[in-house]
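**Q** Each chain, written out:
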Amino acid sequence: MTTDLTFQLDGEDIAFTPGQTIMQAAKAAGVYIPHLCWHPDFAPHGSCKLCTVKANGRFASSCTLEAQAGMSVENRSGELDDKRRTLLQMLFVEGNHFCPSCEKSGNCTLQATAYELKMMSPHFDMFYPDRPVDASHPDILLDFNRCIMCSLCVTASREVDGKNVFAMGGRGILGRRIHINSESGKLGDTDFALTDRAAHICPVGVILEKRKGFAVPIGERRYDKAPINEQVKEPLKEAAP
Amino acid sequence: MTFELETAIAPEKLRRVAIDPVSRVEGHGKVTILLDDNNKVHQVRLHIVEFRGFEKFIQGRPYWEVPVMVQRLCGICPVSHHLAASKALDMMLGVKQLTPTAEKMRRLMHAGQILQSHALHFFHLSSPDLLFGFGSDVAARNIVGVVAAHPEIAKKGVLLRKYGQEVIRMTAGKRVHGTGSIPGGVNKSLSAEERAELLKDIYQMVVWSRSAVGIIRGLFEQNLAEYNAFGRFRSAGMCLVRPDGAMDLYHGGLRARDIEGKTLFDHFDYGRYWDVIAEDVKPWSYMKFPFFKSLGTEDGSYRVGPLSRVTMCDHIPTPLADKEREEFLAFDGGSAAGATLGYHWARMIEMLHAAETIKDLLHDDDIIGHDLMATGVRQERGVGVIEAPRGTLIHHYRVDENDQVIRANLIVSTTHNNQAMNTAVREVAKQYLDGVEVTEGLLNHIEIAIRAFDPCLSCATHALGQMPLEVAIVGADGTAIDEVTRNADGFIRHRS
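Those protein sequences? They're chains A and B, same order as listed. Everything in the first sequence is counted per our numbering, starting at 1 for the first residue and increasing by one. Everything in the second sequence is counted per our numbering, starting at 1001 for the first residue and increasing by one.
Honestly, the hints are just simulated from the structure, not real lab data. This structure is a prediction, so every number in the text was calculated from the model and none was measured. All C-beta atoms, glycine included, are put in the ideal place defined by N, C-alpha and C. Treat the hints with care, as some may be off.
When the alpha-carbon atoms are kept at most 25 Å apart in a straight line, the in silico DSS-like pairs for lysine-lysine are as follows [claimed, not checked]: (1) B:K1030 with B:K1430; (2) A:K210 with B:K1056; (3) A:K225 with B:K1293.
A few chain B positions that, by computed beta-carbon distances, are all more than 10 Å from chain A [stated by the list, open to error]: (4) G1053; (5) G1180; (6) D1403.
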């Protein structure tokens, strides 16, 4: 495998192997590109658009665009981070994200990304959607208030666990949501288990192991120790949802 | 049932003076006074105009989230709600005994809270009235004025509060709204470095707390007649006590005494608080009026907080504070212990107790232990009671089999004091305002009576439901045209 292929990311040479996306090459090089729906173990979904970069002057999702030798890619420019911040603000107002009482606080990718992009306020009017909690499963709580529709749980359940517990359905900002694949629509009526990969994949505070909230003290949580842009090379810690 | 000066007979013919907002208290409230042409006082009410909904919106949330969420009721003493909720959920989890490390970490957090809250109240909020005089120049009657005129006193106040906040940070993770206490235990103990850091300054804090007791004692000695008489009234009281009758701000049984000092109940299991306490509602306030069931709404009102605790416990289990308690009770034949302004003195004795407690806990090796969580057999409900800085705080939750809260009831310290505060302001109105021209300085006397209780009005108005309301429609000539009433049952009635 050749390693002398490079492209420029914010003026820095990044090595890549043929077939790697810009996101994969950047991660391998330890360079942070903001993202929410992308996960290194799964095919890209390209839905959150947070990883949008300017490749040779054109906007593109870095998680889906293959790197090309000599390509010039803009990542953390003021223009792109402004747009990313707006995307984050829209995600925050579309759901009910109350960080002060959320047990995922300090371990949440959405929160850490908002800190990284210096989002100081929601800016837009809150939607306050009505999204009931599903507490029917004995070990796992689903709090859809915090869902950002990244669909990682759908993918993990289908591709790794072979269960198809989750599906994306509905139309429109208020209609589209995660559905549970059981007759009652409740998680308690599925074969979902705490050992499933999908139980530990959620980047925000939707899929939570019950009775474990706030067991990790402030100061010991993932993003208390270092901001998200300094944790690019570290393997994702998924044991503690 | 209405109390003297609660409701005027013909309010439409009276002049209305409002203190809105009441300043230097936590939260928002107002006082209305109705006077006739001769400045005779006919009606005085402390209204709580904030509206909160915690009991409602906690429903459906997972129980482990509750101690972190409900503390957002307040930014002044969130630790109290954090711990009361944790205690209630300990009971729900069937945890009868915490690990020694968990219990001592919670006690340390609570003592830090008492220290910072009492320091804030005495130095920042009340010292301007006490040091400059009740009717002194309003421009200087604030903490900035205290800094200018008494910099040493102001500095002690600021640093005492800061130390208490540091104790909270190291036990809860943050100075305000931490996460240290969780149902069944705590999520951290102190590190050796944190313990050493707190030990460095604790002796200074004990000395300063003791000198603060001296300040309020000195003020009583200088203004004996005025302080003793100010807003004075006899009241029943309630607090938690340890099994041996000692003051215990974290845990114990309920003790209540009537207006004569006769015991109504003692070492009562707070897990059945509803057997002895009920809440009344009035159409003119968002805050409820708790009362002792055995005495009824008329005679059953009581007060809680430092004055009740210091006067009703058998002793304080730290030596310096207990000596100050004895001197307080003996002062001028016991007069200060029955005065509304005695709250300040009792509060400073408790601050000293908190500083001594922190010192003792920091010398206990359990606070650096690692056994943090206990387990038990799950119950359907849990009740947690704690003595918050402002008085007895009750949290009560029911949790279903899916771990979701289905019912919550919070009876907050200031709510217990609702009738007592109203009585105190009416007494002050009778003493100072009746028949004279009302001035700012005189109106400040009303606020001083309220401040003595250190009310937290934002905490106290957490209820959401069918609040009773009365709206009177009065014509320009003063005649009543209509009166619309919504009772506690939610029904709306018109008089016309």
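**Q** For each hint given before, does the structure comply? Return the numbers of the non-compliant ones in rising order.
**A** Structure breaks hints 3, 5 and 6.
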